[in-house]
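A.B. asks: Input sequences plus hints: build the corresponding full structure.
Protein chains in written order, with this note's numbering: chain A, 21 to 341; chain B, 21 to 341; chain C, 21 to 341; chain D, 21 to 341; chain E, 21 to 341.
Quick caveat, the hints were computed from the structure, so don't treat them as lab data. Please note that the accuracy of each hint is not assured.
Identical copies go unnamed one by one, so any copy, or any two together, can satisfy a pair.
To be verified - Here are the computed lysine-lysine pairs in the DSS-like style, where the Cα-Cα straight-line distance is at most 27 Å:
| id | residue 1 | residue 2 |
| --- | --- | --- |
| 1 | Lys336 | Lys283 |
| 2 | Lys67 | Lys283 |
| 3 | Lys91 | Lys155 |
| 4 | Lys34 | Lys283 |
| 5 | Lys336 | Lys203 |
| 6 | Lys336 | Lys67 |
| 7 | Lys91 | Lys67 |
| 8 | Lys155 | Lys203 |
| 9 | Lys155 | Lys32 |
| 10 | Lys34 | Lys155 |
| 11 | Lys155 | Lys283 |
| 12 | Lys336 | Lys34 |
| 13 | Lys91 | Lys34 |
| 14 | Lys32 | Lys283 |
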Amino acid sequence: MIVDCAAYERGKRKQAELSMRQAGEAAAEEGTFVWLGVVAPSEEEFKAVAAEFGLHELAVEDAVRAHQRPKVESYGDTLHVVVKTAVYVDPEEVIELGEVSIFVASDFVITVRHGNADLAPVRARLEERTDLLEKGPGAVLYAILDHVVDRYLEAAHGFDQDVREVELQVFGEGQNPTERIYKLEREVLEFQAATAPLAEALEELCSGNFAVVPEALHEYFRDVEDHLARVATRIENFRQLLDSALEANLTQVSMRQNEDMRKISAWVAIAVVPTAIAGIYGMNFEHMPELEWSLGYPAVLALIAAVCLFLYWRFKRAGWL
Amino acid sequence: MIVDCAAYERGKRKQAELSMRQAGEAAAEEGTFVWLGVVAPSEEEFKAVAAEFGLHELAVEDAVRAHQRPKVESYGDTLHVVVKTAVYVDPEEVIELGEVSIFVASDFVITVRHGNADLAPVRARLEERTDLLEKGPGAVLYAILDHVVDRYLEAAHGFDQDVREVELQVFGEGQNPTERIYKLEREVLEFQAATAPLAEALEELCSGNFAVVPEALHEYFRDVEDHLARVATRIENFRQLLDSALEANLTQVSMRQNEDMRKISAWVAIAVVPTAIAGIYGMNFEHMPELEWSLGYPAVLALIAAVCLFLYWRFKRAGWL
Amino acid sequence: MIVDCAAYERGKRKQAELSMRQAGEAAAEEGTFVWLGVVAPSEEEFKAVAAEFGLHELAVEDAVRAHQRPKVESYGDTLHVVVKTAVYVDPEEVIELGEVSIFVASDFVITVRHGNADLAPVRARLEERTDLLEKGPGAVLYAILDHVVDRYLEAAHGFDQDVREVELQVFGEGQNPTERIYKLEREVLEFQAATAPLAEALEELCSGNFAVVPEALHEYFRDVEDHLARVATRIENFRQLLDSALEANLTQVSMRQNEDMRKISAWVAIAVVPTAIAGIYGMNFEHMPELEWSLGYPAVLALIAAVCLFLYWRFKRAGWL
Amino acid sequence: MIVDCAAYERGKRKQAELSMRQAGEAAAEEGTFVWLGVVAPSEEEFKAVAAEFGLHELAVEDAVRAHQRPKVESYGDTLHVVVKTAVYVDPEEVIELGEVSIFVASDFVITVRHGNADLAPVRARLEERTDLLEKGPGAVLYAILDHVVDRYLEAAHGFDQDVREVELQVFGEGQNPTERIYKLEREVLEFQAATAPLAEALEELCSGNFAVVPEALHEYFRDVEDHLARVATRIENFRQLLDSALEANLTQVSMRQNEDMRKISAWVAIAVVPTAIAGIYGMNFEHMPELEWSLGYPAVLALIAAVCLFLYWRFKRAGWL
Amino acid sequence: MIVDCAAYERGKRKQAELSMRQAGEAAAEEGTFVWLGVVAPSEEEFKAVAAEFGLHELAVEDAVRAHQRPKVESYGDTLHVVVKTAVYVDPEEVIELGEVSIFVASDFVITVRHGNADLAPVRARLEERTDLLEKGPGAVLYAILDHVVDRYLEAAHGFDQDVREVELQVFGEGQNPTERIYKLEREVLEFQAATAPLAEALEELCSGNFAVVPEALHEYFRDVEDHLARVATRIENFRQLLDSALEANLTQVSMRQNEDMRKISAWVAIAVVPTAIAGIYGMNFEHMPELEWSLGYPAVLALIAAVCLFLYWRFKRAGWL
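C.D. replies: What follows is the structure, encoded as structure tokens:
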């Protein structure tokens, strides 16, 4: 589905909306480029676009199917950039991935979006930056990547908060955080798989090998690369922290087991005392002088209570109760 | 055993079937190449093929023996590519590996297959793509690698499902998944060993150093490389997840042990009470007023029941029962 | 907020203090450079500075926002160096990070500081080293980096002491150090993330690609690089040690659990004896000769005491008590 | 001790056996090379060889002392290759390492063997391959390396079987495999240390920098490199598997502990019942109607048996017994 | 403190001892070089040396302060090499580190020693090797590095023995080796940090970029590099082994806990029997025929003994006792 299609000349949007045929013509004009936005196209639909703009068979397949790795590939003069979008959905603690395929040539940009990645705000913000738009289709590529990587930073922030919550669970009382740690680890791995290959792609874009990324934009792409490197470091640290949290959690579980065992043992020891003492005075010897004392019974009850209290006090002092 | 042998000219299959001698002659014709398919040949058999097409002694040994690593090697003008095929057999949760040796020169392709890797569908599909076949023997190499790597993605999908099942076992009730995790880890390692070296081989094929892989096919090989990179990332993630699952499982085992211990202790504590109380009233003191009360016995039974119920309620509330 | 601004000619400070306008003029003089120190500027404030000295839009954004990765970037003739400052706050065992952005061109240095990184002592010390200051703005860059990396060594020293304390806790009696180990690991990771990227930046500065770092200063930057490498090795070792400490701690917890279990069991065994013996003499058989002995009762008490003492002695000898 | 010494011309052995002096002369002849085999020589002995063939002081030291790392070094025109031989001794599950030092120049090969590495079969087999021998001393080097690396594959096979046995022990009943896993890990590490550096050495030999390894032999050395890569992958996998086996084993130990604890607890619970019930009827109340019933005693015995059986059945059903 | 200072000409020591002034003059003579040995100099002392031989400010600082990383740095024509010396002190199981700073130019060598690194034997041995000394100051550098790295091998040998002792402790009876393993790991990390950077330094020395290391000495430095690589592999293996030992130890602790638990439980089960049986015959039913039997009492005692012995035999057979 085509969602927006416009021609840009000297950094300004020329007309409100173009049909695909008009787009092809506008692109052919000197000093003008077209930005065509498509969302989750069918194979049919996108083949028409590909025919109009001369896209490579394999790139078309990639763009329609989604589930690609982030990458930069040049098919002749056309650059094909694939990038994953990521949103961290906090209540479920999952990372939701989308995908944007961007075809960039000297006179057009085609963006194919799958999943959660609204590009309308990117277009709106960019149309206000005439100075950037003047630099041609490469500026559109920059604006999209910048937007996508800023979303990564937000997602990383979401992870950060959940990792801190997990830490509180590990070292606090309460329910067992093992499953949560594991699930977070799974999501972090997925996030890493989606973002890590982009680093290489960005490096290539900064290398000056591609005509559609003019020298004047290199600093902008380098800036995106830098933000991505921050995301990468944070993801790596999440993995380290979750690994350590898993191990710390195991230790805490052992510690708590030990505390429970001590508490249980202490109570058992206290309960064994009356049984043992009562057992002795339950023996049937003929000559047991205490049995005949008139205060024998209360004395023994007092003895039992005294020993139990003494044990309770000792265990309390030793921290077992 | 030769399974199929045909000559191709300008992207079209010339005759239904050739004998090996005819194949050698057909290959010598200008603008024609031969595709000879062999399955698990004996040394004898394959030496005849090698003699006809001038293959190197060492390559022959590799092709007959199987158990090679994936690789690309050039013996003069002939390229020797070895690739592992993989099928994930789900009920047994094992990865079954096969092997395909491909000899590619400007005028012939020889494919030697061991194990589970039927190439007939690849040939059938490729024969419909005249545009690709026109590009020569390199197109055959592409078609096979593309097919093999797509099978890897299917195998990775199979692993994915089993890893998710294992997770349910780790965090759910039921039997001990330790052995299953370990066995999956073993299979993942084997899968990785079979697929990882192919990445380097594919990079070499894209490097433009080999005449049999013309420039026009580079984008196709790059596409295969890309799919392989996705497989590699998933395998790496499986390893990470299984590692974490093993550790999480240990923690869960400890947790469950603790829960059992608490439950056992609670019941022991409840059982100790009647013994202790009964012990006291089993003492033989002469002066124990309660013994003479007419309701002494039912009162003590009630006391015992009350204490037991109280303990039961406390343990229930504390989550030990 | 501008904190200090002065012009330097032939290694000497020319005037006490300049306004920003004067600074721009002074920088334009031959053989003179200006050092402008700014602390946590607002976007407004810093845009004025950027306009005066012609700084790039993206660099300005970085300098104002902080939270950048350490890096070296050249925007035309101007070098933009970002470096993290680190202070280890011992009682809380946290690493406190600040940030310094340094813009270096042939005729000016602008330092933008965020957080804990007083540069006044650096300026004071450098003004006494005429021989270094003569080498131009690059010397200022060196002096700052040298200062920052020396602070890293101090922070590493702080970590070292806490790691040693943690070791004593792991192998001594006392409270559970799991949380402390985990928290230290978190801080070490943050410290590493802040310092590691600087290595690459320093290597670039030594590469001779930047005019503002003259050959004569290479040895000085190499010296800083060397100190940073020492910090990196120590951080890596802290991570290894804390990892091992976490595992050793788990083993110690298990050991202590075992000791507790033995101790508990020994006491339970000792307590079971009187109950069992007393039980036997509490049986109601008509023919139990011992019951009629006049010394039966004291004999049994002595027997109980003897068995208990014997068990106590055995457990003591076996190290269970 | 010199074990065999012969001259080769055009791929054929010239005379049965040469003295060292004769060897030196034969080497000097055009188109002839000498292969001198030495076993564990004394320093004296080997200094004579070194003087005759002009070997470097340091190389001599290496060859006599053994305990070198695998490596390729060129001393002028002479190549010095050191390689470790490995035999897996199965009953003891240890890897036994030997060492072969090979000096290769255009007109001689000197092989110095320490430990378990009989080169006689290599020589015998090579003497039948005139086509290889014709290629000069480099062919001898190839034949030895090929032989050594094939032995590695056998050793890896031996490890494989023991790793599989260990797996059965981890997941089966029976003795504790911890020590065996650890010892295997130690041997795998030693095997890896002995074989890994050879990869780099082989790469150098294939690089075409050494005159004694002619182009025609590159494919042969590449083949050895390939086999070595297979060994390396397997070793790496052994390490991974043994690591996981160690962790899985710990989990199994915990599982079994839990099972034991449940079994013990169940029996204790069953044993506590008669004590508690008997305790109640051992109380001395005057008014306990059951005591006077004529079937009271058998009824209580029946009650005890019933409760015990009920508990036994419940524990059985819950899988605790 | 200057410990030895001599001039060497054509590989021979010229005079017994020189003052520093004489040393400067001797160094200026053609074909002569001076070797000045200093031990732990004060800043004053070493500044005088530096002035005489024209050493760089930063190098002087490094040499006086010690605590540097191993490295090679060239300040103009002067090479500054820093190397750590290591001695393994066995009874304490610690690695003791020292440091040697070596300044090498075409006409002098200055060695600055801190800590445990007596260079007198190096000088003595080298003075007997005229052939090496003839090659100039580079030979002195070689001799020192060779000596230092040989000490590393000795230290590695010391570690090896302690690692083997630790293994015996892990798998044998006796005290808990956790702390010892951890401490060894700490020392290994320190040893690694001290030796690893030297590899890079040695590679640089072999690169042929430095005039003071003539081609004729490359093979000697390569030999040292090789020995260092052996040290590095062994250190890496120690780390792996200690890691595994820590985990194996945890498993052994769990195993032993399980054994203790079984033993304890078996005794408790045996002790519960007399209590339960005696309890039954302690009931006060009027109609308990056994109580009136004249052999009732001995029969019950026999029954108790029989059941206890039966249980003992069963537990013994099951390996719990």
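A.B. asks: Would you mind marking each hint as holding or not holding in the structure?
C.D. replies: Hints, verified against the model:
no.: 1; hint: Lys336 x Lys283; result: both (10 Å within a copy, 17 Å between copies)
no.: 2; hint: Lys67 x Lys283; result: neither (72 Å within a copy, 66 Å between copies)
no.: 3; hint: Lys91 x Lys155; result: both (23 Å within a copy, 26 Å between copies)
no.: 4; hint: Lys34 x Lys283; result: neither (79 Å within a copy, 76 Å between copies)
no.: 5; hint: Lys336 x Lys203; result: neither (39 Å within a copy, 30 Å between copies)
no.: 6; hint: Lys336 x Lys67; result: neither (78 Å within a copy, 66 Å between copies)
no.: 7; hint: Lys91 x Lys67; result: within (21 Å within a copy, 36 Å between copies)
no.: 8; hint: Lys155 x Lys203; result: neither (44 Å within a copy, 48 Å between copies)
no.: 9; hint: Lys155 x Lys32; result: within (11 Å within a copy, 44 Å between copies)
no.: 10; hint: Lys34 x Lys155; result: within (16 Å within a copy, 43 Å between copies)
no.: 11; hint: Lys155 x Lys283; result: neither (73 Å within a copy, 72 Å between copies)
no.: 12; hint: Lys336 x Lys34; result: neither (83 Å within a copy, 74 Å between copies)
no.: 13; hint: Lys91 x Lys34; result: neither (31 Å within a copy, 40 Å between copies)
no.: 14; hint: Lys32 x Lys283; result: neither (76 Å within a copy, 74 Å between copies)
When each numbered hint is compared with the structure, violations occur for hints 2, 4, 5, 6, 8, 11, 12, 13, 14.
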